[in-house]
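Chemist: The chain contents come next:
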Amino acid sequence: MDIHAMVVDDSGIMRKMVMKSLRESQLAHFVFTEAGDGVEALAKFDPKIIDMLFVDWNMPNMNGIDLIRKIRSIEKHHTPIVMITTEGTMGKMDEAMDQVKVDKYIAKPFRPDELTKRLGPLFEHLAEQKTKKKGFFGKLADKLA
Amino acid sequence: MILTDEMLNLYEGCVKQAATDVLATYGVAIQPQDDLGEMTSHDVIIGIISLVGDAELSVFIGLPRSTATALVAKFAGFEIPYDSSDMGDAIGELANMLGGMTKTLLDTRGIKVNISLPTVIRAQDIHVLTQRGTTSAKIGLSSDTGPLWVGVVAGQRAGFVA
Chain A
1 MDIHAMVVDD
11 SGIMRKMVMK
21 SLRESQLAHF
31 VFTEAGDGVE
41 ALAKFDPKII
51 DMLFVDWNMP
61 NMNGIDLIRK
71 IRSIEKHHTP
81 IVMITTEGTM
91 GKMDEAMDQV
101 KVDKYIAKPF
111 RPDELTKRLG
121 PLFEHLAEQK
131 TKKKGFFGKL
141 ADKLA
Chain B
146 MILTDEMLNL
156 YEGCVKQAAT
166 DVLATYGVAI
176 QPQDDLGEMT
186 SHDVIIGIIS
196 LVGDAELSVF
206 IGLPRSTATA
216 LVAKFAGFEI
226 PYDSSDMGDA
236 IGELANMLGG
246 MTKTLLDTRG
256 IKVNISLPTV
266 IRAQDIHVLT
276 QRGTTSAKIG
286 LSSDTGPLWV
296 GVVAGQRAGF
306 VA
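Line by line, the protein sequences give chains A and B.
What the first sequence shows, in my numbering, is residues 1 to 145, in sequence order.
What the second sequence shows, in my numbering, is residues 146 to 307, in sequence order.
If we strip away everything but chain A, and leave its shape as in the complex, we get (with noise of 0.2 Å):
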């Protein structure tokens, strides 16, 4: 499976450190978007091509959850997200996904086993998705054929 990953921290050694876990992880092929906050995200952000994101909270201009936020608003169909935040905010998370509706947060420091044993249902779900949307293009463009 192909994914578009839009990976959003202020931190460049975490977004390689987050891409590259994710690419050893084999949960799927990925293509990866870096953002190195909310507003530079929001202006890379199509929901056309990008299948998911994974976003840090704490960030300067504008942090995730004001990311998530706009994001919610403007999107027509639910894009996966994944927060990735520190230990000390983890008390916040549970408000958070009911607020913004975050699909997984993972709390950093991770290892990438970690992130594939808590990422494993999401990527399947996100597969069923991909084939559903996939099928109906394949019958529209069947039709126009």
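There's no promise every hint is true.
[Claimed, not checked] Partial list, derived from the structure: chain B residues whose beta carbon lies under 8 Å from chain A:
#1 V167
#2 T170
#3 Y171
#4 A221
#5 G222
#6 D231
#7 D234
#8 A235
#9 G237
#10 E238
#11 N241
#12 M242
#13 G245
#14 L262
These aren't lab readings, by the way, just hints derived from the structure by calculation.
In this text, a Cβ means the ideal position worked out from N, Cα and C, and glycines have one as well.
Dock chain B against chain A, hints included.
Modeler: This is chain B only, laid out in the frame that chain A set:
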């Protein structure tokens, strides 16, 4: 509540535990080491993060050049040159995780704080000058990536022990 030795010991214990937990995730085991000397004698990089709320704390992690290079390679999974901006980024993330884990540990003792964004300083011959009215503790640690320090500077607003 005024800062007491008991509170400083509590903060010190939380920071040490946080460092142990964070670094263990990346396969780095640490042990206390008393005779590490001063950070000032090294080419050193320091990550600092503030925790403010029921207590006022600055938590830091300091690494000599060789430790920083070896530890960050384990942490990131790839080598990062000491003099690069990526090194600052990586140490900032370490400080962020150290602060976050310390916050969680303090929370279990009924002390609620929020964490700031981290600051990273790379320099030589650093002298840390604490402000009047603050108390600090510095812990020397040894690891398979080399020596390092973690520490805490505490203000007089000291929180409560649950």
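Chemist: Each hint needs a verdict: does it hold in this structure or not?
Modeler: Taking the hints in turn, this is what the structure says about them:
1. V167: holds, 5 Å
2. T170: holds, 4 Å
3. Y171: With Cβ-Cβ at 7 Å, under 8 Å, it holds.
4. A221: holds, 6 Å
5. G222: Holds: closest Cβ of chain A sits about 6 Å from B/G222, inside 8 Å.
6. D231: holds, 5 Å
7. D234: Holds. Min distance 4 Å.
8. A235: Status holds, d = 5 Å.
9. G237: Because about 6 Å separates B/G237 from the closest Cβ in chain A, which is inside the 8 Å limit, the hint holds.
10. E238: Holds, about 5 Å.
11. N241: holds, 6 Å
12. M242: holds, 5 Å
13. G245: holds, 3 Å
14. L262: holds, 6 Å
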